[in-house]
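> Sequence:
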Amino acid sequence: MISDPHDKIIIPTADLASPWCASDVPDESVRIYNPALVRFQGRLLMAWRWDSGRRLTMRRQIGVCALDEHLGVMPGSIVNLSETIHGGGLYHYDPRFLVFKDRLFIHYNNNFNTRPNLLFLVELDPDSLEAKSPA
30 MISDPHDKII
40 IPTADLASPW
50 CASDVPDESV
60 RIYNPALVRF
70 QGRLLMAWRW
80 DSGRRLTMRR
90 QIGVCALDEH
100 LGVMPGSIVN
110 LSETIHGGGL
120 YHYDPRFLVF
130 KDRLFIHYNN
140 NFNTRPNLLF
150 LVELDPDSLE
160 AKSPA
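Quick note on the working numbering: the sequence shown kicks off at 30 and runs consecutively.
Hints may be right or wrong, so weigh each one.
In silico SDA-like cross-links for lysine to any residue, where the CA-CA straight-line distance does not exceed 25 Å [stated by the list, open to error]:
1. Lys161 with His99
2. Lys161 with Lys37
3. Lys37 with Leu119
4. Lys130 with Gly116
5. Lys130 with Arg144
6. Lys161 with Leu73
7. Lys37 with Phe126
8. Lys161 with Asn138
9. Lys161 with Val67
10. Lys37 with Gly116
11. Lys161 with Gly105
12. Lys37 with Arg88
13. Lys130 with Lys161
14. Lys130 with Leu119
15. Lys161 with Thr113
16. Lys161 with Leu150
17. Lys37 with Gly101
18. Lys161 with Phe69
Worth flagging that the hints you see were computed from the coordinates, not collected in a lab.
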């Protein structure tokens, strides 16, 4: 995390892109955005949308990680959630957390070109941050 003099919180893209990129510095066209935050069972969790760069096959996926109390990424906590989702479409856009009866879910949509747009709900394993059930 980087603190900004204007009280902005900046998490460098390279800190979040590691499951997808071969080098420490991702392709300049890789985009990471639309974060969602939740506190669940004492942990601060973040999910985000990851869009591949122009040099890669087009992918739209979801990353998840745990943050420390200073909003820094906890080492070893980043998970490519999309790799663990079964039955939830090829493209995973704009994740949002849902907590229901002490269970952790993420919902996301599939593709802006699909009419009507489809929404998917997947339960997460709170320890591994991987999909616990099919979407």
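> Kindly indicate which numbered hints from before are broken by the structure, ordering the numbers from low to high.
Structure breaks hints 1, 2, 3, 5, 10, 12, 14.
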